[in-house]
Structure formats: structure tokens, C-alpha cells
Amino acid sequence: MGSETDILSFIKNNREGFSKRQRMVADYILRNYDRAAYMTAAALSNAVGVSESTVVRFAAELGFDGYQRLQRRLQEVARTQLNSIQRMDIASRRIDSNDILSNVLKSDIDKIEKTLAEIDQAQFDGAVEALLHAENIYITGVRSAAALASFTGFYFNRLFENVRLINTTGADDIFEQILRAGSGDAVLGMSFPRYSRNTLKALEYAKHQGATVIGITDSVNSPIVKQSHYCLIARSDMDSFVDSLVAPFSVVNALIVALGMKKRDEVRDIFEKLETIWDEYGVYDKE
Numbered sequence: 001m002g003s004e005t006d007i008l009s010f011i012k013n014n015r016e017g018f019s020k021r022q023r024m025v026a027d028y029i030l031r032n033y034d035r036a037a038y039m040t041a042a043a044l045s046n047a048v049g050v051s052e053s054t055v056v057r058f059a060a061e062l063g064f065d066g067y068q069r070l071q072r073r074l075q076e077v078a079r080t081q082l083n084s085i086q087r088m089d090i091a092s093r094r095i096d097s098n099d100i101l102s103n104v105l106k107s108d109i110d111k112i113e114k115t116l117a118e119i120d121q122a123q124f125d126g127a128v129e130a131l132l133h134a135e136n137i138y139i140t141g142v143r144s145a146a147a148l149a150s151f152t153g154f155y156f157n158r159l160f161e162n163v164r165l166i167n168t169t170g171a172d173d174i175f176e177q178i179l180r181a182g183s184g185d186a187v188l189g190m191s192f193p194r195y196s197r198n199t200l201k202a203l204e205y206a207k208h209q210g211a212t213v214i215g216i217t218d219s220v221n222s223p224i225v226k227q228s229h230y231c232l233i234a235r236s237d238m239d240s241f242v243d244s245l246v247a248p249f250s251v252v253n254a255l256i257v258a259l260g261m262k263k264r265d266e267v268r269d270i271f272e273k274l275e276t277i278w279d280e281y282g283v284y285d286k287e
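Here the sequence shown stands for residues 1 to 287, numbered as in full-length UniProt numbering.
Any given hint could turn out to be false.
[Said to hold, decoys possible] Taking lysine to aspartate or glutamate and the EDC-like style, the derived pairs with C-alpha atoms no more than 20 Å apart in a straight line are:
1. LYS201 - GLU176
2. LYS226 - GLU204
3. LYS262 - GLU272
4. LYS262 - GLU176
5. LYS114 - GLU129
6. LYS207 - GLU272
7. LYS106 - GLU118
8. LYS20 - ASP99
9. LYS12 - ASP27
10. LYS106 - ASP125
11. LYS226 - GLU135
[To be verified] Now the in silico label distances, taken between C-beta atoms and shown as ranges:
12. HIS133 - LEU101: 22 to 32 Å
13. LYS262 - ASP99: 18 to 28 Å
14. ARG268 - ASP120: 50 to 60 Å
15. MET24 - ASP110: 45 to 55 Å
Hints listed in this document are in silico derivations from the structure and should not be mistaken for laboratory results.
As the structure is a prediction and not an experimental result, all values here were calculated from the model.
Where a beta carbon is used, it is the ideal one built from N, C-alpha and C, also for glycine.
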């Protein structure tokens, strides 16, 4: 059904074609999509005052294979449209304040498990080969994704000589730093809700210049997908005002390990030299 907001437009535009009880479900979702996104079918039916089967049939009427698919789409809307205050309000309803540690850790475990089940191995393999043979590698990620980009750049600089970390939030600065990106180069861009317009513009420019674009994002409906030749989907479902990047970090770890295995002998030589330098200059405390 296209982009995230399409689902709300579709419900609104087709409201009159629904049955009376389905219109009640539609109206509730249009008014309270942020709440509905995290309700079970039973909870939504109770809130609306209809049967659970009505809610399930409503999801089918929209073209979804089950209520959970509709719920997933509404959650994507919530993650991309809600501001930080609204996200905090949702978190207060979803997370048990007496057991925050357990709730958050279990949620992160769930994200990794879902990422493992859903990630496309062919896309991952293609990304590895593109990075392995790139003349230059550009890495970009802003706001919360800047930490992920920095981590990636730290290890990529130990694997390659041709890595450039774009560490800025200004659109003009980004274009200046990827100005020479083109055919033979790879641009690795990462963004999660709410998606960075600067990152999207940078990837669009790089793709237009002929570079191979590799995206890391949270959903097949993310605008990053459209700009990517290879895209790795890593769940970062919203738990509060904090973006969970546990699964994306795991995917980046997998990329680093895969590239390191491909360049095993070269990487071994690099780390032997680094160990000598670290010992000579006392970089690490050995006591």
C-alpha cells in the first residue's frame, strides 16, 4: 500500500465503502492511530465497541493478511509521524515502570530475532561484495544513526584504506563531502524513524552519480529502500523516545565480520602492526 501514511489516507478515502461497524473501527484508528498501533485485535475491539472478528475483517478489507499486518503498518506510521513527547506518552502506556530493565532488554532481544528471521541474505551478500570491491567507501548517518555510522567507520578504517565518514548534519556539508562519489564507489547510508531528509538527499545524489548505494534501515517501507541498490532491514521498533539500534548494530557487526573474513590475511597483517604500535606507545593498560 505504498508509504506509511498511505494507510491512513486509504482508510479515510474508502470509509464510506465499509460496513457500519467497520466504519467505527476506521474512525477510531483515524482519531487514535498512535494508540491503535499498539493494541491487540481484542483491545481495539473493546475500545471501539465491536467484536474482535469485526476488527479482523476490517484488516482483511484493507488488503492485509491478518490483523498483525495492519498493526505493523500503523506502527510504522507512529514511528515516522510522532514527536518525542508523543512517543514518551506511548511508552508510559506500554512499559511497566516497575520492570523497565526487563521490558527493554526483552524488547531488544525480540528485535534481533525478528531481524534474523526477516533479513534478506542475498541483499547482505550483495552489500558485502559491493563494499569489498569499492574504490571508495562513504558512510553517512545523522542524529541517532550517527553513533552507528561512527562505529562502522571505526572498524571499516581497519579493513580498508578508502573509507570516508561523513560526520555532519548540514545538507550542504554532506554534498561537499560526497561530491566526488561516483561509479566504482559505495555509499553506506543508515537512517531510522524519523528518517533524516539529509541522509535521503545524500543517497539520492550518490545513486544519481552512479555509486552503489547500500542502505541500513528499519522497514521495507522506509524511503531509504528506494534509494538503495542493496538494503539491509534491521528492526528498530519504537519503545520510547529512545531509538533502539541494537539490531542495526548487530547487522553492522555481521558486515564487519564478513568483510574481515574475506580479507583475512590482509586484516591479520594490519592488526599485527597495530598491536606493535599499541605496545610501543602504551595505548592499552595491561595491569
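Going through the hints against the structure:
1. For the suggested pair LYS201 and GLU176, the alpha carbons sit about 12 Å apart, so the restraint of at most 20 Å is met.
2. Distance check on the hinted pair: LYS226 and GLU204 sit about 9 Å apart at the alpha-carbon level, within 20 Å; holds.
3. Under the criterion of a C-alpha separation no larger than 20 Å, the hint pairing LYS262 with GLU272 is consistent with the structure, at around 17 Å.
4. For the hint linking LYS262 to GLU176, the alpha-carbon distance of about 32 Å lies beyond 20 Å, and the restraint is violated.
5. At most 20 Å may separate the alpha-carbon atoms for a hinted pair to count; LYS114 and GLU129 exceed this at roughly 24 Å.
6. Distance hint between LYS207 and GLU272 is unfulfilled; the C-alpha atoms sit about 37 Å from each other, more than 20 Å.
7. Under the criterion of a C-alpha separation no larger than 20 Å, the hint pairing LYS106 with GLU118 is consistent with the structure, at around 18 Å.
8. Distance hint between LYS20 and ASP99 is unfulfilled; the C-alpha atoms sit about 41 Å from each other, more than 20 Å.
9. Of the pairs offered as hints, the one joining LYS12 and ASP27 holds, with about 8 Å between alpha carbons and a cut-off of 20 Å not exceeded.
10. Our distance criterion of 20 Å between C-alpha atoms is broken by LYS106 and ASP125, whose separation comes to about 29 Å.
11. Among the hinted pairs, LYS226 with GLU135 is inconsistent with the structure: their alpha-carbon atoms are about 23 Å apart, more than 20 Å.
12. For HIS133 paired with LEU101, a C-beta distance near 43 Å fails the hint of 22 to 32 Å.
13. For the hinted restraint 18 to 28 Å between LYS262 and ASP99, the CB-CB distance of approximately 43 Å leaves it violated.
14. Evaluation of the 50 to 60 Å hint for ARG268 and ASP120 yields a failure: the beta carbon distance comes to about 30 Å.
15. Between MET24 and ASP110, the C-beta spacing of about 31 Å breaks the proposed range 45 to 55 Å.
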